[in-house]
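Colleague: Taken in order, these protein sequences are the chains called V and R. When you number the first sequence by our numbering, it's gap-free, plus one each residue, and the end is 387. When you number the second sequence by our numbering, it's gap-free, plus one each residue, and the end is 302.
A hint or two may mislead.
[Stated by the list, open to error] DEER-style ranges, computed between Cβ atoms:
#1 R/G117 x V/M307: 51 to 57 angstroms
#2 V/A308 x R/A109: 55 to 61 angstroms
#3 V/M307 x R/E113: 56 to 62 angstroms
#4 R/S163 x V/M307: 20 to 26 angstroms
#5 R/L158 x V/I345: 23 to 29 angstroms
#6 V/H325 x R/L161: 33 to 39 angstroms
#7 V/A308 x R/R282: 20 to 26 angstroms
[Claimed, not checked] Covered, in the sense of this in silico footprint (three residues per stretch, anywhere, with C-beta under 8 angstroms from a C-beta of chain R), are these stretches of chain V:
#8 307-315
#9 319-330
#10 340-353
#11 374-384
For the record, the hints were derived by calculation from the structure and aren't laboratory data. Cβ coordinates follow ideal geometry from the N, Cα and C atoms, glycine included.
One-letter residues, chain by chain:
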Amino acid sequence: MALNSQQVGWLLNMIQETHDVELSCPQCGEVLDHYVQRILDGEPIDGLMIQVKDHLRACSGCNDQFQMVLDALEAIEADGE
Amino acid sequence: MNAPDHGQRSAGARRSDDEWLADLASTDEAIRGAALVDLQEMLLRGLAASLSKRGKVDDAFLEDIVQESLLKILDKLSSFEGRSKFRTWAVTIAVRTAVSSMRRKEWGNVSLDALTADANFDPGVSVGNLETAEDRARQSAMFLQLHELIESELSEKQWTAITAELRGMPLAEVAEKQNTNPNALYKVLHDARKKLRRGLEAAGFTIDDVKAALNRGA
């Protein structure tokens, strides 16, 4: 079966977000807590963290994981912990 | 690190990072046990909220995940570097554990061959709302080029990995089914995407053409 237009859209997004140097999903996962902390603390995204940001823009799986961490931390914070 | 004064200990999960580390590594069973209970409650609360947003809450599943996460956190405790707060570090481990488990549950029995066997790219597909004949012609020409690149430049393994991902199978699951590791598979995919991007650019299609197709509502 041919890819549908939505899947072709995702394929175009993959191509658009392709960089010469990228982090893989496991590499992104290894430093995700660092990136989350920078976001929470409002610290600058620089160095390796730029590659994490790029990876999250291109990879829906890792981006979901990132959002889940933020949601979990927000719920914990809201509970006053 | 100073020995924590238990008389002035932060209540519940409001421990400092140093307190978390000291308590979880304590040889005093009462202190360690209390810290484990606090950590367990904190992870349960966080994961329950996070997963419920995605409609995936199941008490037994949550408890299993938190138990598995606690073991991982204790195992990795000595490698905590302090580049994030302890809470952020622990929650990230728990979310990763949950995601891996959900992946196995959802995709473990799905055949990669069945998912991708008939996948092909039809250059006649239309993406977005193209208003002018010129836009339609430009997209059509780009898709013809893309089709040619897929046929001539990509290996079967690369196309299988791309289509599996486009059909929702997580990369880690594809890697497992292809008996490779996620880092190696990521490189295979990255090489494939670079070939497609460079091939399109070499044929005169810029990344702006790709963005234009996406921005028109793909």
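Colleague: May I ask which of the numbered hints given earlier this structure violates, with the numbers listed in increasing order?
Modeller: 4
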